[in-house]
Amino acid sequence: MAKAMEIEVNGKHYAVSYPADTPLLDVLRDELSLTGTKYGCGEGQCGACTVLIGGAPKRSCQIPVSAAVAKPVTTIEGLEKEAKLHPVQQAFLDAGAFQCAFCTSGMLMSSVGLLQKNANPKREEIVQSLQGNICRCGTHPRIIEAVQHAAKMMQERGR
Amino acid sequence: MSTMKERFAPEPERYEFSAAPMHQFELARRDFFKVLGAGIAVFVVAKEALPAQETAAGSRSFHNEELPKEITSWLHVGEDGVVTGFTGKAEMGQNIRTSISQTIADELRVPFESVRLVLADTTLTPFDAGTFGSRTTPTMTPQFRRVAEAARNLLIGVAAKEWNVAPEGLVAADAKVTDPTSKRSLSYAELARGKTLAQNLPAEDPITPASEWKIAGKPLPKVDGRAFVTGRHQYTSDIRLDGMLYGKVLRPPSFGATLTSYDDTAAKAMTGVTVVRDGDFIAVAAPSAHEAQKALDAIHTQWKEVPQVPSKEIFSHLKKNAEPSSNERFRRQKGSLEEGLAAAAHRIDATYNVAYIAHAPLEPRAAVAQWTDGKLAVWTGTQRPFANRDELASVFHIPESNVRVIVPDTGAAYGGKHTSDAAIEAARLARATGKPVKVVWTREEEFTWAYFRPAGVIEVSSGVTGDGKLTAWEFHNYHSGMSGIETPYDVANQLTQYHQVPLVLRSGSYRGLAATANHFARETHMDALARVAKMDSLEFRLKNLSDVRMRAVLEAAAKSCGWPRKKTQEGQGFGLACGAEKGSYVATCAEVAVDRASGSVRVVRVVEAFECGAIVNPDGLRNQVVGAIIQGLGGALFEAVEFENGHIKNPHFSAYRVPRFRDVPEIEAVLLDRKDLPSAGAGETPIMTIAPAVGNALFDATGIRLNNLPLVPNGLRAA
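Read top to bottom, the protein sequences are chains L and V. Under the numbering used here, the first residue of the first sequence carries the number 1, and numbering increases by one thereafter. Under the numbering used here, the first residue of the second sequence carries the number 160, and numbering increases by one thereafter.
I should point out that these hints are in silico values taken from the structure, not numbers from a laboratory. One should not assume that every hint holds.
With a straight-line Cα cutoff of 27 Å, these simulated DSSO-like cross-link-like pairs (lysine-lysine) come out [claimed, not checked]: (1) V:Lys808 / V:Lys463; (2) V:Lys427 / L:Lys3; (3) L:Lys3 / V:Lys453; (4) V:Lys726 / V:Lys693; (5) L:Lys71 / L:Lys12; (6) V:Lys193 / V:Lys335.
None of the values given here were measured: they were computed from a predicted structure.
Full structure from sequences and hints, please.
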């Protein structure tokens, strides 16, 4: 049965009515038209659907919408502020760290989650954090480079 | 070599879906300007389609004529100065939107930012057989250079007329035409204003040599990059139309199963749900994906399943079921194998097996279909929009002119998105419901009901003299295909043959086609021969290789990886491989580390030298080369589709392992820019040599010769 809930996404509050076990991913994409978050496997294996819930990267295909109530959700659409890209977005752009770019949203959200927790990650820590995100085009070296570059930019800006 | 090409070239690669014929192009010139606005337009027409008297330079009046049917690309300069190129090719991450835009900007002398591309839309773009075979760069960049050059000359002509001067003295640069004598200038926008000038010209070689390129040849960033990092780009699966429903298709439990009982009463009773059963097509449409899934689950079916070949027995099955191979097209012989083997000091016979693998593009197959007044529009991620259009027209018994297929820039394909499955499914549901319908395949559907890179068995017999000259080469490929089957080495006595086998699983193109399998077998075998001849494997290859471009990539890779490398620790190994296909050349050097106690295998470093003629965009090319290496590591090390009785046993990323961050070695791509050679495609060839380079490195590390792909799905534990 559909259940009325309120969720907060990218700073906005939305009243949604869905069965409580509906994946957050479906609500984001189909109800809120936030299609930057992608479906890649529906099994939490590829990371394309990664969003931040309470600041931590989570697979939105595995999180029921009811579990996102009362915690702020950030999607790829929430990273850019006043037409200024988040440093991680800028770093991906600068490094050309995408090809088909279908994995990019998930890569960005996992990276933002990492850098919020660890401002100066070692290479191995980046690899560890992104191990659950699949890029089939093989852009991994540039993605690592972009995360390192973003870490530098964010430190320089004193964020 | 040329004999080989002549004999093999006319036969299309068996697993490259065949191209559709040319089709009527419906847009008349007047309609064209109505759609795009006034301006200057230039069309490239296949040479044989132009009247004999018409030459490239001939500026011909074009009034009230239909556009020729054989147009392959065109360009429009609008009254606002915006330049738009049109081609039926699709963007799937290979970065052609950027490289073609660079070419146009370069030749037309306009800023890169003022160029737009309309790609892969069967109503707006000219017919194209499809985006495959690494054909975009070699065909489209010269064509766009030609149209851009002709458009530039038309603009100069308009200015000359305006000023009443000779066109020869005028200069085109920075999107304007200038008269150096009078210092007058007019922008392209001003020159295009109010005009409906058009010109046809034949497709010929580019005029500006790569050494004079100014915008092409530069590492420009991906067009629309910002749309991708902000999530704003709309892939097919992101499209939402007003009133759109979500479709789901009921799949049989196994390949070849037939329906024996069916009950959709419960599904039909659900609010907002439409169930369609049309022959063996069973599907539902509902207002949400969730409701569609519930409705699908409520349909009760029973099936009769049939016994089928399991993956465990696939290689012996392929060998046993080869079709009688009298077909001359698949066979090439030269010299005498007996004499060659008799002259050999060492002989090696070996069999190589290559498993089925899946493309697994991160965006699964998807389509959105909408019917309006009997006309069908479909958005779908496909490599063959025009073939999809024709298939839709045929399936729904409507004229092709009533079908429009549009391909949004797609979440990759790697050869795996030739078919129109999702498009047909969405269109059938849309017709039944009278509403737009979106169908997005699940990952499991993608792993099961798409198609695979075919498995293959390759048998090689060879002979070599005591001092390392090849004397005999016999090569039989069963099932996997003919791409890259021909040896690039100098061997006087050889027999090469491809043996067709009836399909076991639905099979099709995969990045590089069979060249990956053929290079794996050949280059592994070459390494084994070097060992018996007691030669360094680089030296052995060079001794048997006269192709200068191949020698150049081998030497470049060897130099960058420091070949020959001395092993400094236990379990370390180095391997080489090289190859050429589709006009480009590759050589790979791999370093591995094996821990025999735990069985862990790690590819530590890969150096790959690649040469594809004049480089159009070194940044995009580097992404393609590094990407091919990483993607190729999956098929090299651990990817394999497992199946039994028509069931795919590992249709999930949790069970079908693809390369992830931890699998990625240090990679160095050495790009050789041959400005004196035409640009070849680069999407496929860089994937061919990673598997044999890694396999040869594993032999170097352990003394174990691995002849099957994947090489080490379960690691390499000490026996």
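Which of the numbered hints above does this structure break? none
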